[in-house]
Amino acid sequence: MLKYNNIQLKKIIRFVILGMTLLFTIVILVYPIFSTLDPFVMDMQNILSPPTSRHWFGTDIYGRDVFARVIFGGRVTLAIAASAVGLGLFLGLPLGLLPLWAPKWLGEVVRRLVDMMLAWPGIFLALALMGLLGPGERNLVIALGLVRAPRIALVCHNTGRKVMEETFIEAARSFGAGGLHIATKHVLPNILPVLIVQVIFQLGSGITAETALSFLGVGVMPPKPSWGNVVADGKNVLQVAPWISLLAGSIIIMFVLFINLTGDVLTDMLTPKRK
Amino acid sequence: MLKYLFWRLSGLLLTLLGLSFVSFCLIELVPGDPVITMLGEAAAWQDIERLRIELGLNKPFLVRYYNWITNAVVHGDLGYSLLMNQPITELFKTRIPRTAWLALLSFLLTIFIGIPSGILAALYAGGLIDRLVMTVSTVFLATPIFLVALFLMWIFAVQLRWFPVAGYIAPTSHFIEGIRSLCLPALSISTMYIAYIARMTRAAILETLTQDFVVAAQAKGVTRARLVFLHIMKPSLVPILTAGGLVLAELLGGTIVSETMFVIPGIGRLTFDAAVKKDVFVLQAMLLFMGSIYYVINVIVDICLAVIDPRIRII
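Those sequence lines, one after another, are chains C and E. Using the numbering used here, you'd call the opening residue of the first sequence number 1 and step up by one each time. Using the numbering used here, you'd call the opening residue of the second sequence number 1 and step up by one each time.
Because the hints were derived from the structure by calculation, they are not lab data. Every residue gets a Cβ at the ideal spot worked out from N, C-alpha and C, and that includes glycine. A portion of the hints provided could be inaccurate.
As the list claims (entries may be wrong) - Computed footprint of chain E on chain C; a stretch qualifies when at least three of its residues, placed anywhere within it, have a C-beta under 8 Å from a C-beta of chain E:
# : region
1 : 128-141
2 : 215-224
As the list claims (entries may be wrong) - If we take Cβ atoms under 10 Å as the criterion, some of the chain E residues that face chain C in the derived model are:
#  : residue
3  : I36
4  : L105
5  : Q159
6  : Q211
7  : V214
8  : A216
9  : A217
10 : G253
11 : G254
12 : M261
13 : K278
14 : V280
15 : M286
Extracted from the complex, chain C is given alone in its bound form (with noise of 0.2 Å):
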């Protein structure tokens, strides 16, 4: 974040973030049930159009309404990643806790297992995943969720080992609490504002890593659109029509940054300041 002296200057830039992350979402999944916009309607008079007020993002090679497209195709896209994220959220989490009262040989085990799935680059996993389930909505969203649920677990670990050693787990220790319980009555309390602002920045690597994989073709498969095969429809005729996969690239790196700054802002907002 950047850094400023004026203390009302950053709370209008905070609002401002926040509100254009919230706009951007609101527009991407209400806009489509007022609409009239069709984003597999074709219209062979009227091929690569460039932008007009009838197209706002002109059309692609076969007609279609590329500002349609790219509506629609951030619904899909975003419903991938709110649910990959979701799954490495269900599978992480645990995970991420679990060394914490396990017995000692299992946690140690889980950490490693984590630990192992960190080694391979996130997009690599995530490819020969979808290369070895095939592509399909249902598989992108288990091999983007296997991606993030190692990533989760780190944080969740990380953060939950910090608080275990504050003095109010001593205590309840001291009550007789055991380990599941406090694992869950009193650290998940406590890493929540961490873990709410891990989920934010997963959401932003979650549709970064969508778009890239429909954008390679292995992803959501055309007709129906989502972000990443829109550019990739705009890529094969980027000499004669940029504006395709330039204006829909812009607003996925657009909406990313803007979810990247709530993260963030929410950073900011819930955990303590540091001295």
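Let chain C serve as the given structure and place chain E on it in line with the hints.
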């Protein structure tokens, strides 16, 4: 130091063994039969059965794991690519140098742009340079590699025609043209990591700047250049090196996207082709290879850190 080395290296061997087992299991868990994938659904069952025996797929799981890993370690044989119709080791031999060039160039770009801008940002914290570095890095961190590649392609290859749109020329056969063909792919991989390294460097140096010895050195009258490059850089190097090691390992993931887009026949492209065509043996070898590189880099970084900072050597 020797004791530290011994423990690190023996730990590495054990970890690699574990990694190979996990890689093998991951492939085993996948539904579908690689032989049927290769021959097609319509293949005669005799052919399927024959190939299965030829590949040793009829043997029990642990025997196959044992054979795979002993072949890999003793003979350097990683298996056979069904779809490329070549031994995987041969494929690796021709393709790894290409990816190595790309990764090396990306890494150099990352280090030589990322670290200086991080240092500058930290020394002038709150100033114009700092704001510029932080803003640009925020945008870079949000931009996936394939989009950087696309934007670079459009500006420098389509509009300005300074670089080729795609293709690979070996720098060993024609150095200038080779580097030229690798510029855009390398730059597209590194932007995200330049931002990451710049931020890590900035944070590390800001952390060091709060230490008492910096004030003491300043009070003693140490010149600014000496203060920055000797007193501040050395302790800051520990987190920077750790981040550098991580980046080097992650870069290899980036080569997949970059090589696919710029049509460079390296191992990144091989991984992509194997994933699309479901060549499980290649994916298995790649899982082992990529994971091993991560651990080997980690150990090298740890040893470097132990050389720089004696406190780390204590086990």
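Verification of the hints:
Here's how the region 128-141 of chain C fares: 6 of its residues keep a CB closer than 8 Å to some CB of chain E, so the rule of at least three is met and the hint holds. Look at the region 215-224 of chain C against chain E: 4 of its residues bring a Cβ nearer than 8 Å to a Cβ of that chain, three or more, so the hint holds. With its C-beta approaching chain C no nearer than about 13 Å, I36 of chain E sits outside the 10 Å limit, and its interface hint is violated. Given the 10 Å rule on beta carbons, the hint for L105 of chain E is violated: about 18 Å separates it from the nearest Cβ of chain C.
Residue-level restraint check for Q159 of chain E holds (minimum Cβ-Cβ distance to chain C is 9 Å; threshold 10 Å). Because the smallest distance between the Cβ of Q211 of chain E and any Cβ of chain C comes to about 15 Å, over 10 Å, the interface hint for this residue is violated. With its C-beta approaching chain C no nearer than about 18 Å, V214 of chain E sits outside the 10 Å limit, and its interface hint is violated. A hinted interface residue such as A216 of chain E counts as satisfied when its beta carbon comes closer than 10 Å to some beta carbon of chain C; here the least separation is about 21 Å, so the hint is violated.
Annotation: A217 of chain E was flagged as interfacial toward chain C, and the flag is violated, the nearest CB pair being 23 Å apart, outside 10 Å. Against a cut-off of 10 Å between C-beta atoms, the interface hint on G253 of chain E holds, since the closest Cβ of chain C lies about 2 Å away. Evaluation of the G254 of chain E hint against chain C yields a held restraint, the C-beta minimum of about 7 Å falling below 10 Å. For M261 of chain E, the interface hint holds, since its Cβ comes within 10 Å of a Cβ in chain C; the closest pair sits about 8 Å apart.
A least Cβ separation of about 6 Å between K278 of chain E and chain C falls short of the 10 Å threshold, and the interface hint therefore holds. For V280 of chain E, the shortest C-beta to C-beta distance to chain C is roughly 7 Å, which falls under 10 Å, so the interface hint holds. Look at M286 of chain E: its Cβ gets to within about 7 Å of chain C, closer than 10 Å, so that hint holds up.
Violated hints, in rising order: 3, 4, 6, 7, 8 and 9; the structure is consistent with all others.
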